[in-house]
Amino acid sequence: MQSDLVLVIVVGTALAFDFTNGFHDTANAVATSISTRAMPPRVAVTLAALLNFVGAFLSLAVAATIATGIVNADLITPEIIFAGLIGAILWNLLTWYFGLPSSSSHALIGGVVGSTLAAEGTKGVLGDGLVEKVMIPALVAPVLAFVTAGLAILVCYRIVGRRAPGSVNRGFRAGQIVTGSLFALSHGTNDAQKTMGIIFLALVANGNLQPTDGVPTWVVLSAATAIALGTYAGGWRIIRTMGTRIIKMDPAQGFASQASGAAVILAASNAGFPLSTTHVISGGIMGAGAAKRVSAVRWGVAGNIVVAWILTLPAAAAVGALTFGVTRIFGAGAAGPLVVSIALVLVLGYVLGKRLAAGRTLTAEA
Amino acid sequence: MSPVLAAVEWSQMLEVVWVSLVAGVGVTVLFSLVVLGTSRAAEARREGGSSAVYGALALLCLALFLGAVVFAITVILNKS
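Protein chains in written order, with numbering that gives the first Met the number 0: chain W, 0 to 365; chain H, 0 to 79.
Derived from the structure by calculation, the hints contain no laboratory data. Wrong hints could be hidden among the right ones.
As the list claims (entries may be wrong) - Simulated coverage check for chain H against chain W, where a stretch passes if three residues somewhere in it have a Cβ under 8 Å from a Cβ of chain W:
#1 11-20
#2 44-55
#3 65-74
All C-beta atoms, glycine included, are put in the ideal place defined by N, C-alpha and C.
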């Protein structure tokens with residue numbers, strides 16, 4: 000009973016993370032399309048949400064759980080997963096508040112690594128896996144996308160540079176609908192998997208499933224729904240940063256960054272390297288801007304984004320470790336996760352309520 | 000090389016680099032040619048000339064671009 004309650008809390012928290020993952024990463028698929036007016040904002044977000052939902056059903060390689068090879072799976076308990084998820088959710092919310100496109104995958108990995116360190120010490124974390132699966136790809140992804148998008152836009156300008164801007168922009172806007180959709184589909188097959196994997200891991204850790212079992216349909220359906228709803232909610236702050244604050248983008252640059260980003264992600268996932276969609280598309284946007292003119296990139300904004308990338312892993316790990324410590328104050332059962340969940344819901348509800356009230360006051364005054 | 004860096008499969012990483020460069024630049028070139036062909040064909044029609052060559056270029060490149068998109072979807076679906 001006690002362990003079932005923990006499981007219910009973990010599943011609920013995993014779905015909450017999935018929702019934040021959706022709205023945090025909406026920008027990856029839609030920001031360039033919205034800023035170049037390839038699609039109206041609501042249409043872009045709705046299409047991305049639908050493709051994320053569909054994508055979640057298309058690839059069920061759940062065995063490749065996000066934490067595999069990074070933490071020692073034999074030592075993982077539902078309480079560790081819970082604390083890791085809280086670390087990831089809080090970092091996602093903080094970076095969303097500041098409009099910073101950071102990686103949800105890194106937040107999740109950081110959270111779980113932190114809670115595992117707090118629970119099991121260094122024997123629970125596999126250093127080699129962390130370097131190979133997280134740190135090296137984190138360095139390679141944005142640089143590769145930057146160079147690819149930069150080269151792509153230079154060649155593109157050579158080809159269409161002398162044509163009338165009107166017809167060129169119309170053409171690339173149409174192309175962006177295709178590349179943006181590809182991005183959203185790929186995101187659905189990647190990121191909903193992380194939540195499914197986490198719920199699956201919790202079900203195995205709790206003894207409800209065997210590691211060799213298939214993924215229950217309710218897990219697939221709930222993860223797909225949560226990420227789609229999150230995507231539909233739209234993280235507008237991050238969309239603004241990515242779409243307009245890094246560079247002022249023309250449709251050709253939007254197309255080049257999306258096409259290059261998709262190429263990098265698919266080449267990497269085919270070779271088994273898990274790259275962050277966020278790092279790739281941000282690098283692509285910067286590359287497409289810098290190739291046109293180095294000063295076209297607002298390097299201050301780009302610098303803030305890079306700092307957020309560097310901080311994601313340690314910050315989410317710190318919150319994950321802290322959360323695990325707090326839950327342990329209440330013993331090893333369900334009490335800790337329950338208290339933390341209720342406290343978090345109350346705090347977030349209060350903050351959201353205050354923001355809504357402030358919004359109403361402003362509207363009334365206007 | 001340190002043991003940690005030795006754990007990274009550098010040959011695969013190199014493959015990711017060149018495939019990304021070829022695919023990213025290639026797809027952008029293809030679609031740029033679609034845009035160029037369409038724009039030139041429209042211009043040729045307006046001026047009363049033949050738009051066939053540019054129209055054919057646009058169609059061919061569009062077919063190749065869509066082929067690349069279908070290939071990308073199969074990669075998404077087949078990943079393990």
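To see whether the hints hold, each was checked on the structure:
no.	hint	verdict
1	11-20	holds (count 8)
2	44-55	violated (count 0)
3	65-74	holds (count 4)
In summary, the structure is inconsistent with hint 2 from the numbered list given earlier, while agreeing with all the others.
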